[in-house]
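Construct the entire structure; sequences and hints are all you get.
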Amino acid sequence: VACSLLFLVNVLALRHPSKTNVCIVGGGAAGYMAAINCGKILKEEGAAGVSIVLLEASKNPLNKVKISGGGRCNVLHDPAKGVDFISKSYPRGEHALKGPFNGKFGPVEAHEWFSSRGVNLKTEKDGRVFPVTDDSETIVSCLNRELNKYNVKLLTQCKVSSITRRDHYGLNVHYSVDGNGNGNGRA
-4 VACSLLFLVN
6 VLALRHPSKT
16 NVCIVGGGAA
26 GYMAAINCGK
36 ILKEEGAAGV
46 SIVLLEASKN
56 PLNKVKISGG
66 GRCNVLHDPA
76 KGVDFISKSY
86 PRGEHALKGP
96 FNGKFGPVEA
106 HEWFSSRGVN
116 LKTEKDGRVF
126 PVTDDSETIV
136 SCLNRELNKY
146 NVKLLTQCKV
156 SSITRRDHYG
166 LNVHYSVDGN
176 GNGNGRA
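Sequential numbering from -4 applies to the sequence shown in this note's numbering.
Hints were generated in silico from the structure; no laboratory data involved. Take the hints with a grain of salt, since some may be wrong.
[What the hints assert, rightly or not] Here are the computed distance ranges between Cβ atoms for each label pair: (1) Ala75 <-> Asp129: 30 to 40 Å; (2) Val127 <-> Lys59: 18 to 28 Å; (3) Asn143 <-> Val172: 16 to 26 Å.
[Claimed, not checked] The list that follows gives simulated cross-link-like pairs (lysine-lysine, DSS-like), each with its CA atoms no further than 27 Å apart: (4) Lys61 <-> Lys120; (5) Lys120 <-> Lys38; (6) Lys148 <-> Lys120.
Note that beta-carbon positions come from the ideal geometry of N, C-alpha and C, so glycine has one too.
This is the structure we're talking about:
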């Protein structure tokens, strides 16, 4: 789905560069990665003039990243272990995890992604992977640097009120900046 979305965004941006904005709803890890990858693709394709907005309902984005692993951020599982080994650690979600782990961005790719951005990782005996700093802020800082690298505008305390069809090429996302209807915007 993410690849399809990014392809669609890419095509639309190249066909209608002055009309296109990308709005990603949700400032968690997945929203950050979607915004970062969208920014990377648009930059590679030379789609200047396309803006990316990341909307987060809470005041503090990446809250779950900050508290995961007891504040150390369990980034991923040992990429040297097979998908079957990793998915068996989640008895209620074993089958559901096999798809994402076999996809284009599994543990090996995640490890390479963070390492290539200067985040040193360590693998513990149980297969969990953490930053060597044992501090989730290392991961949060990395994600924020990447977001800034692609000029993604992060808006916090934004509540999406509606999504409407704009035309054949897009949607309007209506949101309020403080969650109370004040400072309405459209992306």
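Verification of the supplied hints:
Between Ala75 and Asp129 the beta carbons are some 21 Å apart, a value that contradicts the proposed interval 30 to 40 Å. Between Val127 and Lys59 the Cβ separation comes to about 21 Å, which falls inside the hinted range of 18 to 28 Å. Our hint of 16 to 26 Å for Asn143 and Val172 holds, since their Cβ atoms are close to 20 Å apart. Distance restraint check for Lys61 and Lys120: the Cα-Cα separation of roughly 22 Å lies within the 27 Å cut-off, and the hinted pair is therefore satisfied.
The hinted pair formed by Lys120 and Lys38 fails the criterion: a straight-line CA distance of about 40 Å is larger than 27 Å. Only pairs whose Cα atoms come within 27 Å are accepted, and Lys148 paired with Lys120 is rejected, the gap being roughly 39 Å.
The earlier numbered hints that this structure contradicts are 1, 5 and 6.
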